[in-house]
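Work out the full structure, taking the sequences as your base and the hints as a guide.
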Amino acid sequence: DTEVTQTPKHLVMGMTNKKSLKCEQHMGHRAMYWYKQKAKKPPELMFVYSYEKLSINESVPSRFSPECPNSSLLNLHLHALQPEDSALYLCASSHTGAISGNTIYFGEGSWLTVV
Amino acid sequence: QKEVEQDPGPLSVPEGAIVSLNCTYSNSAFQYFMWYRQYSRKGPELLMYTYSSGNKEDGRFTAQVDKSSKYISLFIRDSQPSDSATYLCAMSGGYNQGGKLIFGQGTELSVKP
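So the sequences go chain by chain: L and D.
Just so you know, we're using the numbering used here here: the first sequence kicks off at 1 and counts up by one.
Just so you know, we're using the numbering used here here: the second sequence kicks off at 116 and counts up by one.
Keep in mind that a hint or two might mislead.
As the list claims (entries may be wrong) - Below, computed lysine-lysine pairings styled on DSS-like, alpha-carbon distance capped at 27 Å: (1) L:41 <-> D:157; (2) D:157 <-> L:18; (3) L:22 <-> D:215; (4) L:9 <-> D:182.
Stated by the list, open to error - Cβ-Cβ distance ranges computed for the label pairs, FRET-style: (5) D:215 <-> L:62: 18 to 24 Å; (6) L:27 <-> D:126: 29 to 35 Å; (7) L:59 <-> D:117: 17 to 23 Å.
What the hints assert, rightly or not - A few chain D residues facing chain L, derived, Cβ under 7 Å: (8) 157; (9) 159; (10) 164; (11) 169; (12) 203; (13) 216; (14) 218; (15) 220; (16) 221.
By construction, these hints were calculated from the structure, which means they are not laboratory data.
All C-beta atoms in this analysis are idealised placements derived from N, C-alpha and C, irrespective of residue type, glycine included.
Written out as structure tokens, the structure reads:
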């Protein structure tokens, strides 16, 4: 079982709704990530947090708003999404030291459908 | 040209076959090489991790990295129906070099009983 836990597993939301995806890890990792994955495509990086600070934003639209309350938690706030935002949203974490490279561990994902 | 190229398949083999999955890449700064297995409607699961060139074996799985040819492989021996999944190669220059993980397109594997 993965040590990165995501909730909810499934979410259906309307285009005017506000919702949040949540992620938790207890591996002592100090880097956490949000990825988006469409069917039959590899994961696409959205955001990277390093030591609770946003270090990479891959030009993601502002309707996606990440938050890292502490070293174990990562949230993704969703507002005014479009149907094309429907996808599997993956949280991941990794060590930050050079010796461990960038081995990323993924959660099971949250399936988002925007109607 | 993509930084990482991976044949998307699909690849269908009989149970017990040896499976070879491959990726090529263009960025010589990549030092960390990973293979992920992703079952349908699940998150990617880290299968193998290799630093720099060489081989690594774990049970029925062997990962090979040839940095001189910019080519990595994953071999699955005695393949089982439970190995049916999408296999993603991924690589990076390491966290201290930006940390971004670059994925291949994924190869869909089906092992028939």
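Status of the hints after comparison with the structure:
no.	hint	in the structure
1	L:41 <-> D:157	13 Å, holds
2	D:157 <-> L:18	25 Å, holds
3	L:22 <-> D:215	22 Å, holds
4	L:9 <-> D:182	39 Å, violated
5	D:215 <-> L:62: 18 to 24 Å	22 Å, holds
6	L:27 <-> D:126: 29 to 35 Å	32 Å, holds
7	L:59 <-> D:117: 17 to 23 Å	19 Å, holds
8	157	6 Å, holds
9	159	5 Å, holds
10	164	5 Å, holds
11	169	14 Å, violated
12	203	6 Å, holds
13	216	6 Å, holds
14	218	4 Å, holds
15	220	6 Å, holds
16	221	6 Å, holds
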